[in-house]
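In order, the protein sequence lines correspond to chains A and B.
Here the first sequence is numbered in numbering that gives the first Met the number 0, starting from 0 and rising by one per residue.
Here the second sequence is numbered in numbering that gives the first Met the number 0, starting from 0 and rising by one per residue.
FYI, nobody ran anything at the bench for these hints, they're computed from the structure.
Honestly, I wouldn't trust all of these hints.
[Unchecked claim] Chain A side only, calculated, beta carbon under 7 angstroms to chain B, not exhaustive:
#1 I2
#2 D4
#3 L5
#4 N6
#5 F11
#6 W19
#7 Y25
#8 G36
#9 P40
#10 H42
#11 S43
#12 H44
#13 G48
#14 E75
#15 V97
#16 T98
[Claimed, not checked] Here are a few chain B residues that sit away from chain A, every Cβ distance over 10 angstroms (derived from the structure):
#17 D14
#18 F31
#19 Q34
#20 G48
#21 E66
[Stated by the list, open to error] In the DSSO-like style, the derived pairs of lysine-lysine whose C-alpha atoms are separated by at most 27 angstroms in a straight line are:
#22 A:K73 with B:K1
#23 B:K16 with A:K17
#24 A:K73 with A:K37
#25 B:K90 with A:K90
#26 A:K1 with B:K73
#27 B:K17 with A:K90
#28 B:K17 with A:K1
#29 B:K1 with A:K16
#30 B:K73 with A:K16
#31 A:K73 with B:K90
Treat the numbers as computed from the prediction; the structure is a model and nothing was measured.
No residue lacks a Cβ here, since even glycine has one placed at the ideal position from N, Cα and C.
This is what each chain is made of:
2 protein chains.
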Amino acid sequence: MKIYDLNESNVFEGDIKKFWVHDSPYFRIINFNIQAGKTFPVHSHNVEGQLSILVLEGEGEFLGKGEKALPARKGEILICDINEPHGVRAKTDMRILVTIAPPF
Amino acid sequence: MKIYDLNESNVFEGDIKKFWVHDSPYFRIINFNIQAGKTFPVHSHNVEGQLSILVLEGEGEFLGKGEKALPARKGEILICDINEPHGVRAKTDMRILVTIAPPF
């Protein structure tokens, strides 16, 4: 049992600042802080599994295949397969929490 | 690819209101809204895997084995094995997001 305080990783540095929250054979949890105007590029990995992207703070867009862009506001959570193209574009400074199950 | 809006499940009803966010072979995601003064009782399941409990809103305590109680404020995330005793006591109205990997 461990507790991670996301209030302590409320740090923006460079385009995207990455904080490892947790890693295990079951899931990996990462906090990314993306500066306004920056993009976490669309990508995918050819492995089994799914991921969630929760918007903790700020707003922007969830990105998908092609030109797909869906509103991403605080409290919205995207769920997709790891092998499905996904990304995030920050309109304001944006904090997201990504959970990957299982890690690869 | 799907998006769930946690702003739409900001509903308190009975002691604990449960909203299913997602379920798959990889992870299960549930939003629980716990009324102030109420407790999500300590429990555990004898299966492999881990879970995370993120405090979305409000504050209270993460509960563990015996009398263990640790502060649980907005932005704090507890990670533990599914077979480890865990629970939550709400001091204020409290919203939590639970991710279970893998589901059982």
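Handout entry: Violated constraints from the hint list, given by number and in increasing order
Key = 5, 6, 8, 9, 10, 11, 12, 15, 20, 23, 25 and 27
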